[in-house]
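Asks: The sequence shown runs contiguously to residue 89 in this note's numbering.
You may find that some hints are simply not true.
Label pairs and their in silico Cβ distance ranges [stated by the list, open to error]:
hint	residue 1	residue 2	range
1	E56	G85	17 to 25 Å
2	D79	G13	35 to 43 Å
3	G13	V80	24 to 32 Å
4	V10	D79	32 to 40 Å
5	G78	Q50	18 to 26 Å
Read the hints as simulated data drawn from the structure, not as lab findings.
The beta-carbon is built from N, C-alpha and C at its ideal position, and this holds for glycine as well.
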Amino acid sequence: MRRDYVVSGVVQGVGFRHFTRRGGLRIGVTGWVSNLVDGRVEAVADGTVQQLEEFERYLREGPEGALVTDVHATDRAGDVAPLIGFEIR
Numbered sequence: 001m002r003r004d005y006v007v008s009g010v011v012q013g014v015g016f017r018h019f020t021r022r023g024g025l026r027i028g029v030t031g032w033v034s035n036l037v038d039g040r041v042e043a044v045a046d047g048t049v050q051q052l053e054e055f056e057r058y059l060r061e062g063p064e065g066a067l068v069t070d071v072h073a074t075d076r077a078g079d080v081a082p083l084i085g086f087e088i089r
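Hey, can you work out the whole structure from these sequences and the hints?
Replies: What follows is the structure in structure tokens.
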């Protein structure tokens, strides 16, 4: 299953992308994370429903110095090529 996330709040300049990669690897999801030009962070993850729920809880916590105000998650439908590893873009 693949899910897209958009994280709002104070999430740039606080190590959020590295935090997200570490969490993704620990939880066992594959995917990527990137800063958006509007100050939010976007992440895409593949995993089981349970892994993706755990990953979302992790994103909502954020690293020290972050202030997450919202995490918008959307399931991606249809055939998608599998993601390998977890990268920072």
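Asks: Each of the hints needs a verdict: does it hold here or not?
Replies: To see whether the hints hold, each was checked on the structure:
At about 20 Å, the beta-carbon gap between E56 and G85 stays in the expected band of 17 to 25 Å. The given range of 35 to 43 Å is respected by D79 and G13, whose C-beta atoms sit roughly 36 Å from each other. About 31 Å separates the C-beta atoms of G13 and V80, a value consistent with the hinted range of 24 to 32 Å. Take V10 and D79: their Cβ atoms lie about 36 Å apart, and the range 32 to 40 Å holds.
In this structure the hint that G78 and Q50 lie 18 to 26 Å apart at CB holds, the actual value being about 22 Å.
Taken one by one, the earlier hints all hold for this structure without exception.
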